[in-house]
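Chain by chain, the residues run as shown.
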Amino acid sequence: MYLYDAIDKDFLADRAAEFRGQVARRLAGELTEDQFKPLRLMNGLYLQLHAYMLRVAVPYGSLNPTQLRAFAHIARTWDKGYGHFTTRQNIQFNWVKLGDAPDILDHLAGVDMHAIQTSGNCIRNVTSDPYAGATAQEVDDPRVWSEVIRQWSTLHPEFSFLPRKFKIAVTAAETDRTAARAHDIGLKVQRGPDGDLGFEVMVGGGQGRTPYLAPTIRAHLPASRLISYLEAILRVYNRHGRRDNIYKARIKILVASLGAEEFARQVEEEWLKIAEGADLPDTELARIRGSFAPLDFAILPPRSDVFEAAKASDKAFARFVRNNIKAHKQPGYGIVEISLKAPGATPGDASAEQMEAVADLAERFGLSDIRATHEQNLVLPHVKLDDAPAVHAALAAVGLATPNINLISDIIACPGLDYCALANARAIPVAQSIAERFADPDRAETIGELKVKISGCINACGHHHVGHIGILGVDKKGEEFYQLSLGGSGAEDASLASILGPALPADKVADAVDRMVEAYLAIRQDGERFLDTFRRAGMTPFKEAVYVDAH
Amino acid sequence: MSMLIKLTQAGFQVAEDLFIDVADEEIIPAGSVILSLTRFQAEGDALVTAGRAVGVRIASDETVEDLAYDLPRLALVAVVFPKFRDGRAFTTATLLRERLGYRGEVRAVGDVLREQALFMVRCGIDAFAPADGATVEDWARAAGRYRHVYQRAADRRAPAFEERG
Numbered sequence: 001m002y003l004y005d006a007i008d009k010d011f012l013a014d015r016a017a018e019f020r021g022q023v024a025r026r027l028a029g030e031l032t033e034d035q036f037k038p039l040r041l042m043n044g045l046y047l048q049l050h051a052y053m054l055r056v057a058v059p060y061g062s063l064n065p066t067q068l069r070a071f072a073h074i075a076r077t078w079d080k081g082y083g084h085f086t087t088r089q090n091i092q093f094n095w096v097k098l099g100d101a102p103d104i105l106d107h108l109a110g111v112d113m114h115a116i117q118t119s120g121n122c123i124r125n126v127t128s129d130p131y132a133g134a135t136a137q138e139v140d141d142p143r144v145w146s147e148v149i150r151q152w153s154t155l156h157p158e159f160s161f162l163p164r165k166f167k168i169a170v171t172a173a174e175t176d177r178t179a180a181r182a183h184d185i186g187l188k189v190q191r192g193p194d195g196d197l198g199f200e201v202m203v204g205g206g207q208g209r210t211p212y213l214a215p216t217i218r219a220h221l222p223a224s225r226l227i228s229y230l231e232a233i234l235r236v237y238n239r240h241g242r243r244d245n246i247y248k249a250r251i252k253i254l255v256a257s258l259g260a261e262e263f264a265r266q267v268e269e270e271w272l273k274i275a276e277g278a279d280l281p282d283t284e285l286a287r288i289r290g291s292f293a294p295l296d297f298a299i300l301p302p303r304s305d306v307f308e309a310a311k312a313s314d315k316a317f318a319r320f321v322r323n324n325i326k327a328h329k330q331p332g333y334g335i336v337e338i339s340l341k342a343p344g345a346t347p348g349d350a351s352a353e354q355m356e357a358v359a360d361l362a363e364r365f366g367l368s369d370i371r372a373t374h375e376q377n378l379v380l381p382h383v384k385l386d387d388a389p390a391v392h393a394a395l396a397a398v399g400l401a402t403p404n405i406n407l408i409s410d411i412i413a414c415p416g417l418d419y420c421a422l423a424n425a426r427a428i429p430v431a432q433s434i435a436e437r438f439a440d441p442d443r444a445e446t447i448g449e450l451k452v453k454i455s456g457c458i459n460a461c462g463h464h465h466v467g468h469i470g471i472l473g474v475d476k477k478g479e480e481f482y483q484l485s486l487g488g489s490g491a492e493d494a495s496l497a498s499i500l501g502p503a504l505p506a507d508k509v510a511d512a513v514d515r516m517v518e519a520y521l522a523i524r525q526d527g528e529r530f531l532d533t534f535r536r537a538g539m540t541p542f543k544e545a546v547y548v549d550a551h
Numbered sequence: 001m002s003m004l005i006k007l008t009q010a011g012f013q014v015a016e017d018l019f020i021d022v023a024d025e026e027i028i029p030a031g032s033v034i035l036s037l038t039r040f041q042a043e044g045d046a047l048v049t050a051g052r053a054v055g056v057r058i059a060s061d062e063t064v065e066d067l068a069y070d071l072p073r074l075a076l077v078a079v080v081f082p083k084f085r086d087g088r089a090f091t092t093a094t095l096l097r098e099r100l101g102y103r104g105e106v107r108a109v110g111d112v113l114r115e116q117a118l119f120m121v122r123c124g125i126d127a128f129a130p131a132d133g134a135t136v137e138d139w140a141r142a143a144g145r146y147r148h149v150y151q152r153a154a155d156r157r158a159p160a161f162e163e164r165g
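First to last, the protein sequences are chains P and H.
At position 226 of the first sequence the residue is numbered 226 (my numbering), and the sequence of numbers has no breaks.
At position 146 of the second sequence the residue is numbered 146 (my numbering), and the sequence of numbers has no breaks.
Rather than coming from a laboratory, the hints here were simulated on the basis of the structure.
These numbers come from a predicted model, not from an experiment.
Be careful, since some hints might not be right.
Chain P stretches covered by chain H per the calculated footprint, using a threshold of three residues with CB under 8 Å from any CB of chain H [stated by the list, open to error]:
| no. | stretch |
| --- | --- |
| 1 | 6-18 |
| 2 | 146-158 |
| 3 | 238-247 |
| 4 | 280-288 |
Not close to chain H: a few residues of chain P, all C-beta gaps over 10 Å, as computed [to be verified]:
| no. | residue |
| --- | --- |
| 5 | Pro294 |
| 6 | Ala393 |
| 7 | Asn406 |
| 8 | Ile523 |
| 9 | Lys543 |
Glycine included, C-beta positions come from ideal geometry on N, C-alpha and C.
Can you build the whole structure from these sequences, using the hints too?
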């Protein structure tokens, strides 16, 4: 992974020192909360319902064991013993004291981590493929370009006070694990017609109260021109994005109101005026690329006898293999997904002990590489199949061997009304009720891939617009209700979900999901996922299943 | 006379503001003045021809390119930050320096706070009218907080990738 040099380290130290000074001014009463707010938000510190919440960046979801242990240390020392991995591959600490925040940032800087641009109307942490460097699908390592963007966007002089927050995703594989089209900018690394490396550039996606999938505004951008092209997009947005209404301030509204074609024309016009000198020199690209050189993989046969024997003798391991171990590009290796969605758990939460266990496993068996996914799980991207049974056993010992990746209980949920000052309704208990309903692993596997995504308010942090089943918490005269929608996808077959019907009270949601699942099982055709059946059969069978009593 | 902070070869310095900022409904007084873009387009030519020092105030929703032809005749350009969070003036300043080649004073006015000092300097702004009571020392400290920067910008500071050479 990318190693911070003296320059990167100085930068984080300077940042931490600056924030320490700002906190001191606040605590001494020299700054009011109003004046302090924009400053703390620049460092990821939110004031939530019960306490301050600190959001720490995990740049493009990539971590080493030392960094994960630092999270464990923070959780134990300054929080309540756990952290929450978010839908943007970051981690949040929910119970932070203001006076402790500078110490936490110092501790983070000590392991090359920070909370820069994890909030505010700036370019946020880049989302990337958690399987980067491990999947055979990718045409190039998307982390190279994510790191390029991280550096370019850090305290960008011109683009740090945008109309609204700005999220960029980089993917390089056919299977999109980043929800690229749901981002302000989605970049898909590809080979062009002449074999040259470049990007498909998608702009103007987003969720929130007005969801859009990003249209492609340029079919192929030469890779070396990335920074100047991003500059052109951001400049058009900074100048013309709406600032009169925060609900209409995202770039998706600008793109939708101009039309993708006119927006693209304006970007191209601006881009032509930006000299090529604005791009990153090839030497720096090469330096960054060098950080992501192929790892020192062992030469192994594709088949591991240890692995096969464990699969044959241990049903729990076999189930884990079916659901949580994915194909690696290197023979004899696998990508191990670690579910943070155990039945009854809060989706995305990990305790200090669990984080330390994962850090140890990464060191012993995983080439010291760890990823966070936007679906709120962790990944050990490089595990020898020979070691997989030992990894599975060690995960099971700390409650991290839940074999449910991509299954119905692998639910995305925002923190909801339990933590968040914006929420209208709770999200976590609804996720738990669904996970408990489908706790039978055989049934969950029979159902197959089914992505349930829950948001506690219209801001859609739980990605309900792109859930196969999306669930949105709404407030109806002081009572929590849940609006169900179907048919969304954040993957390469991206689509927005459509509303099923009237909202339901909390205690009816798991029932409704159950009925829709039964309806799906009754009509699915060979190998169809829930999403495929919905796309073929439409809303009617599901609507009838849920609202049958209402007739 | 109010005071300004100016960035010169010698660093940040306090300077007397010799210009009168003239609102559109006011009569243009004697001396050096700053006018809105609209007013400058209507009345600026006569003032400049008469040898007056004239600056132009660019609102955050105005297009700085409209001023391109007049730039050599201007004493300064004031870029307006109507609110701390309105970042359009950063683009205005960048374009003045990088695209329009303006070498004269670019002054930040409005909701100008020390927390933006670094961004402003990097975009080529070299005169500041702080709204938060920041002293020249405060300003210099805020602008000099970071030993390194990551991007090329109008201030010509060597970015990290050039330092790494």
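List in ascending order the numbers of the hints, as given earlier, that are violated by the structure.
none
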